[in-house]
Amino acid sequence: MTSTLFLQYLFAGITYGVIYAIVAIGFNIIYNTTGIINFAQGEFVMLGGMISITLLQVVPLPVAIALAVLITMLIGALIEIVFIRWLDSPSVLRMIIITIGLSILIREVARHIWGESIRSLPYFVGNEITTITIGSVRISPQVFWVIGVCGIMVLGLSLFFKITPIGREMRACSSNRTAAILCGINTRNMVTLSFMLSAGIGALAGCVMSPITYTQYDSGTSLAIKGFTVAILGGLGNSMGAVAAGLLLGILEAYSVAVVPLAFQDAISITILLIILFVRPHGIFGSSAAARLKEF
Amino acid sequence: MLELKSVHKNFGGLQAVGDVSFSVPAGAIKAVIGPNGAGKTTLFNLIAGNLNLSSGKVIFQDREIQGLKPHQVAALGMARTFQNIKLFHGMTALESVMVGRHVRSRAGFLAGMFHTPATWKEEKEIRDKSMQLLELLEIAEFADAEATSLAFGQQRAVEMARALATEPKLLLLDEPAAGLNIYETAEVGRLITRIRDMGITVVLVEHDMSLVMDISDEIVVLSFGQKIAEDVPLAIQQNPEVIKIYLGEDEEEAVV
Amino acid sequence: MNMKIKESKLLKIGLLVILVICTQLLTQVTDTQFYLTQLTMSAYYALLVIGLTVVMGYAGQISLGHAGFFAIGGYLSAALTTHNLIALQTHPLVEGLGSLGMLVSGQDLYGEQLLVFAPWAACIIAVLVAAVIAFVLGIPVLKLKGHYLAMATLGFGIIIFRIGLASEYFGEADGISEVPGLTLLPALGPFGSLSVSGDFGLRVENYYVAWGLLCVGLWLLLNLIDSRVGRALRAIHGSEEAAEAIGVNTARFKLNVFVLSAVYAAIAGVFLTHYNGGIGPSEASVMKSVRYVALVAVGGMANIWGTLIMGVGLTFLSLRGVFGSYDDAVFGAILILVMLFAPDGILSLNVKALFTAKRTTDGH
Chain A
1 MTSTLFLQYL FAGITYGVIY AIVAIGFNII YNTTGIINFA QGEFVMLGGM
51 ISITLLQVVP LPVAIALAVL ITMLIGALIE IVFIRWLDSP SVLRMIIITI
101 GLSILIREVA RHIWGESIRS LPYFVGNEIT TITIGSVRIS PQVFWVIGVC
151 GIMVLGLSLF FKITPIGREM RACSSNRTAA ILCGINTRNM VTLSFMLSAG
201 IGALAGCVMS PITYTQYDSG TSLAIKGFTV AILGGLGNSM GAVAAGLLLG
251 ILEAYSVAVV PLAFQDAISI TILLIILFVR PHGIFGSSAA ARLKEF
Chain B
1001 MLELKSVHKN FGGLQAVGDV SFSVPAGAIK AVIGPNGAGK TTLFNLIAGN
1051 LNLSSGKVIF QDREIQGLKP HQVAALGMAR TFQNIKLFHG MTALESVMVG
1101 RHVRSRAGFL AGMFHTPATW KEEKEIRDKS MQLLELLEIA EFADAEATSL
1151 AFGQQRAVEM ARALATEPKL LLLDEPAAGL NIYETAEVGR LITRIRDMGI
1201 TVVLVEHDMS LVMDISDEIV VLSFGQKIAE DVPLAIQQNP EVIKIYLGED
1251 EEEAVV
Chain C
2001 MNMKIKESKL LKIGLLVILV ICTQLLTQVT DTQFYLTQLT MSAYYALLVI
2051 GLTVVMGYAG QISLGHAGFF AIGGYLSAAL TTHNLIALQT HPLVEGLGSL
2101 GMLVSGQDLY GEQLLVFAPW AACIIAVLVA AVIAFVLGIP VLKLKGHYLA
2151 MATLGFGIII FRIGLASEYF GEADGISEVP GLTLLPALGP FGSLSVSGDF
2201 GLRVENYYVA WGLLCVGLWL LLNLIDSRVG RALRAIHGSE EAAEAIGVNT
2251 ARFKLNVFVL SAVYAAIAGV FLTHYNGGIG PSEASVMKSV RYVALVAVGG
2301 MANIWGTLIM GVGLTFLSLR GVFGSYDDAV FGAILILVML FAPDGILSLN
2351 VKALFTAKRT TDGH
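Residue numbers (the working numbering), protein chains in the order written: chain A, 1 to 296; chain B, 1001 to 1256; chain C, 2001 to 2364.
It should be emphasised that the hints constitute simulated quantities derived from the structure, not laboratory data. Just so you know, these numbers come straight off a predicted model, no measurement behind them. Do not rely on the hints blindly, as some may be mistaken.
Stated by the list, open to error - Here are some chain C residues the structure puts well away from chain A; computed CB gaps all over 12 Å:
no., residue
1, Ile2021
2, Gly2060
3, Gln2061
4, Leu2100
5, Gln2107
6, Glu2172
7, Gly2277
8, Val2290
9, Ser2325
As the list claims (entries may be wrong) - To spell it out: a stretch of chain C is covered by chain A in this simulated footprint if at least three of its residues, at any positions, have a beta carbon under 8 Å from a beta carbon of chain A; those stretches are:
no., region
10, 2116 to 2130
11, 2220 to 2227
12, 2231 to 2239
Stated by the list, open to error - Counterexamples of contact, computed for chain C against chain A with all Cβ distances above 12 Å:
no., residue
13, Thr2023
14, Gln2024
15, Gln2038
16, Gln2113
17, Leu2137
18, Asp2199
19, Ser2289
20, Ala2294
21, Met2301
22, Tyr2326
23, Asp2327
We put the CB at the ideal spot given by N, CA and C, even for glycine.
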């Protein structure tokens, strides 16, 4: 493999890696606050892309993206309020099935609104043949948008949870719900907020990756699976672990193209998922004790 | 019948059970007492196979059983009840007890699916034995009631019947009198002695001192995971160490 | 008490049989025989679903990948009966199989020599492979709980889907077609042979074969639930810890039930593939697996009759195209509605209780 190809794969891996990491963090935020795995997480990403593409017809790009993120956040809140909020300590099985059902519904609604066609946002800078040259490699500037935006989101979230009052309240919620209630924290709103937050970061990631990966009504599903794999790999609830795990998976997938036929590429992440689940369910960076802590 | 040798259990840095050794002769009723957090239920979990020992041995009928899974221990003849009753949701009292016959019956998947004649006889026997046990515990009238809908004392009885259905040689009872009033507790005491008279060795964890002093042949006292004393009830009552660890609780109770 | 249960079981199955016969006669009288095709297919899907009910409702394990076992059965049988081994006919393995009578030779459309597996042999091999895979997969997978179990089974289903979609042996996106019929009874005297195939002339026979198979499968499962094993399964579902303490080898039972349901799914897959004359990757898709879970949920997790009724009913409607392009959405909505309002299935719905404060029993 030439060094050019090597670097090319590396950047592709990092790009997809941060995307998976953001999806995984979305899983983690909701899991930390509620103990639920939201199977519809991938759909938030898809919605972000789709809505912004539609809005682009009437407003400029930055506005379209901002609005799309906001709308998706509202959808996230709506889902929580309508389907989740009033359930009385439901079993894990029930929640899994509900979120799967939601994922399907959102997908089908998307299919009826936007059809089955593949769409994308235009490149933020230049077009599909614009490249920046680094060393011997030519990379689309969009890649840097993806890495940059996702990186800022991770940083922002980390600060949010450590410094801001609301962020700390959310952490209190996940750590000990009863104590949080006793402290006067409105845990129900925290849950809604966590859904909004997950939806928001998913949507933003969806917008920023759309030019490269395209958006289709069902692009949420495989993202959800990979995001979940990364979340588990990094230790469920551990978002720093998710970042590392995301990069790991993204890079593994990118280099696998050299050894495995493209059609089987998806199977790789699933195989990794299965192996992790069988061997070390608390992930590479998690420990079963830390998993119980459910910290960011 | 049962012997514990230097049983240790550590959870990370916390020692829940430290160097506990004692033996239970066949046909005896032995009680394990101690203040809350002394490690009594942990000890039960270690004996019955729900938890792995950090070190030490558990010897049951001359056989080392540490490391065996709970269902294997049950098959060997040791049954247990749980502190917070664990009944089967969605099953009647009779059905719950019938599950207890599981280790003493054989029909497998194929036999079950094809409803072979061999199973007819076995099923009848299971049902009859289970009804007998319900009658023994005087709850036969609730046979077809959903077990989890019964009154607390009756639920305890179902759990006991279920454990007895396994035809155990040794019965571990985890706080059998918890939540019962004086009369019910006395009933439980009578029941336990009846069980012993049937030839079953009993080890019980209990907080109710009147019950413990009344029926036990020997008592083991635990505190912070260590064995403090092991003796006949009368001696335990007068043991200064034992009295000390119960200080702060109702002194009256410790010196009945 | 025991006799009463047994009688009512046979009584219900008897009623079902009568219903099946009446339906067929009705279609004959009203000249609407085309319904028979979808009814036949619905029966096969229902076979899978009742098997899944035992896993989900009694052993309490969710499986989001059961379409995978259906596909393993169908695809293997299809591939073995259509792929030509003529080029390998001197290979010792092929010769061995031939001497066992498992291969048939003939000529294809173009007059080429054909050497393929006999359908009956392919059927048995396919189901056995499915069982083995279920066993091997089940050992690690069933140790998982909750989300992890769901994801693992989902992952399994997707891997099967990808293999079907990507590999040439399994026909890639087009799947496998021109699968020969599965002969159940050879021609005997004045009677023609009975085979599972799309042959229009055998439509009525196939209808009865499908429903007969379903009734037998149903009877076996109903027996199982009333048996010692069934009690053990219900105990596991009620309280796994207590079941283990009472002597039930929970790990082994969960595994056995899983394998059993995989066998049901694989048989359904084999028969349906021969009936349809082919199979495609969509049979292994996530949507199919989700659909099966929806059917189990709406029928009542531990209610085999409920699942049977819902399975046949909803599948029939879906096959008739009643849901149009909203097919997947309907099942998604069913899932949500059932889980929100009737976690014990539609038939257990007590509308009044819904609006009074109720203590949910789904905390296990």
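Each hint tested on the structure:
1. Ile2021: About 36 Å separates C/Ile2021 from the closest Cβ of chain A, which puts it past 12 Å; holds.
2. Gly2060: violated (8 Å)
3. Gln2061: violated (9 Å)
4. Leu2100: Fine: 34 Å to the nearest Cβ keeps C/Leu2100 off the interface.
5. Gln2107: Consistent with the label, C/Gln2107 stays out of reach of chain A, its closest Cβ about 34 Å off (over 12 Å).
6. Glu2172: violated (9 Å)
7. Gly2277: holds (26 Å)
8. Val2290: Incorrect as stated: the minimum Cβ-Cβ distance to chain A is 6 Å, not above 12 Å.
9. Ser2325: violated (8 Å)
10. 2116 to 2130: violated (count 0)
11. 2220 to 2227: It is violated: at least three residues are needed, and the region 2220 to 2227 of chain C offers just 0 whose Cβ sits closer than 8 Å to chain A.
12. 2231 to 2239: Our answer is that it is violated, as 0 residues pass the Cβ test (under 8 Å) against chain A, missing three.
13. Thr2023: Nearest chain A Cβ is 31 Å from C/Thr2023, so the label holds.
14. Gln2024: holds (34 Å)
15. Gln2038: holds (23 Å)
16. Gln2113: holds (32 Å)
17. Leu2137: violated (9 Å)
18. Asp2199: holds (35 Å)
19. Ser2289: For C/Ser2289, whose nearest Cβ neighbour in chain A is about 10 Å away, the distance does not exceed 12 Å, so it is violated.
20. Ala2294: violated (8 Å)
21. Met2301: Incorrect as stated: the minimum Cβ-Cβ distance to chain A is 9 Å, not above 12 Å.
22. Tyr2326: violated (7 Å)
23. Asp2327: violated (9 Å)
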